[in-house]
Amino acid sequence: MTAVQPLKTTAWMALRDVPWRAYLLVLPALSLVAVLFGGGLVLAFLQSVGLLGLTGDGGFSLAAYGAALGDEQFWRSLGLSLYIAFTATALSTVLSIGLAMLLREAGRWASFACQLTLPIPHLVGIAGILLLLSPSGLISRLLYSLGWIWISSDQDFPLLVNDSANIGVMTHFLWKEIPFMTLILLAVLRGIRPELGMQARALGATPWQCFWNVTLPLLRPGIVSASLIVFGFVFGNFEVPFLLGSTYPKTLPILVYQAFTNVDLNQRPVAIALGLLLSLISIALIALYLWLGSGQPFRRRLGGQP
Amino acid sequence: MSRNLVLMLIVAVLFLPFVPLLVWSVAEGWYFPQLVPQQWTGANWAAVVSPGSRVLQGFLQSLAIAALSTALALVVGLPAGRALGLMQFPGKGAIKLALLLPIIVSPLATLMGIQFVLIRLGLSGTLAGVVLVHLLPTIPYMTLVLSSVFANFDTGYETQARSLGASPAQVLWRVTLPLIAPGIVVGALFAFLISWNEFLLTFFVGGGRVLTLPMILFTSLQGGNQGLTAAIAVTSVIPALIFLLFSSRALQDDAAIGGLGDV
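Same order as they appear, the protein sequences are chains A and B.
My numbering applies: residue 1 is where the first sequence begins, and numbers increase by one.
My numbering applies: residue 1001 is where the second sequence begins, and numbers increase by one.
No wet-lab data here; the hints were simulated from the structure.
Beta carbons: idealized from backbone N, C-alpha and C, even for Gly.
Restricting the straight-line Cα-Cα distance to at most 25 Å, the calculated cross-link-like pairs of lysine to any residue (SDA-like) are:
| hint | chain 1 | residue 1 | chain 2 | residue 2 |
| --- | --- | --- | --- | --- |
| 1 | B | K1092 | A | R21 |
| 2 | B | K1096 | B | A1071 |
| 3 | B | K1096 | B | A1151 |
| 4 | B | K1092 | A | P221 |
| 5 | B | K1092 | A | P28 |
| 6 | A | K250 | A | N162 |
| 7 | B | K1096 | B | V1185 |
| 8 | B | K1096 | A | A284 |
| 9 | A | K250 | B | F1199 |
| 10 | B | K1096 | A | I283 |
| 11 | B | K1096 | A | L30 |
| 12 | A | K250 | A | A165 |
| 13 | B | K1096 | A | S294 |
| 14 | B | K1092 | A | G191 |
| 15 | A | K250 | A | I283 |
| 16 | B | K1092 | A | L288 |
| 17 | A | K250 | A | L265 |
| 18 | B | K1092 | A | L24 |
| 19 | B | K1092 | A | W291 |
So these bits of chain B aren't anywhere near chain A, every CB distance computed over 10 Å:
| hint | residue |
| --- | --- |
| 20 | Q1039 |
| 21 | P1051 |
| 22 | A1161 |
All chains should be built: construct the whole structure from the sequences, respecting the hints.
Here's what the structure looks like:
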């Protein structure tokens, strides 16, 4: 979205738009986020190295990080978290682009349909999917009553929730995130002038070329930001893998939760160290993604061509 | 024609998880092979709406927390959205990214850090403490939506009102706010929904004493009473659905939704 510049620029407005006023306007929001988020991170770090907290002698120590990284479970959990976040984000992104293109001309009804899951709490989705996909769930009952041979009791139904492949988790994230991304992409698509596509077509581009060379590049900023929000969310989510996911290995946020709620207070710094590692990994991945998403590295490789 | 079919299919798939929830909430002893429950009951709903029920208390507490954090996010999000949407200044990109961090980086470490201070301030396990941490995700969403709304706002209207003798307060109240009202509704909708649905933040800071509706649903999900769980789950959807219906007109504002695609 580009800023629409006001047509008339009076002296009063020029004075009004000097930067200090802008900084003053963002100050309340920025300082609240800085104090809560930044302050929280600093306090977490101080606790994780033993400089602050209920236990320990108050000396600097990296023992918590050693304990966190030395545990084999950490690496298994990291792998699982990355697998779930990457798969769910990639699938939702590709399917949302397809769906948005398909619904592009369907009008406002398409957006309205995509808004259906927007207000549904994740926990409600989890409850619904449990009652739908579990061995004694509605789908299993439906197949049973249809008389399908391979299912003679609820024991025969394939495990789709709390399964080792995390199908239940993936189903939930796709159910929730595809409409969310499609809604954003539809709004961005409507902001793209249709003349651009028409012109490309008139100049002989195939529908595929038109999509690949005209629409997709224009849609890219929307795709990058929407998938970024989804990736960050899925990677840090706790309740979905906790209630629908595999029993072993567990995702990183569940590992943090278990260490935090451990009765042994010495586990507290380990929980915080794990939480900080989780934040650090997501910040690194986001930075990498934004760098790749900006198209900068590809541009450089092609020798400065736009 | 085929497009309408696709649309209907999408709506059906999206609605599918609600089918067992709605049936379970009024079913009695719905055992495995039965496709349709043999007996129906109103007991689950009676338990939800009975005076003094935990669900009802949680409902009101969630409502209060969501309303307060939405209002606070709006107060700081309006000026920030204006600056980010209408003005050019050095460091704008960095500020935008900083405001976005709380929704894309896992809040777990931050929460454990904040918790340390909240305990000492006596805010741990209080409504005020929960509202405070709910600002972490609500401010970014509110600011994003409003900055996109302001980017499509013509300040010429304000200049005109000022030149006709309106005071800055009058301009804000009579010109600016009415013009961006649809955007405010969308921002408030997102902030309200995020606070209403929030589980993890409440769980860490509420210390088990602030029992919002998601907390009660989470506890119920870990228990075995599927009928009651289903009734609580359906209850959790009601206010958000009402809010969505009232704001469906405002949600047609592409600039507001598109703000989430402009990070």
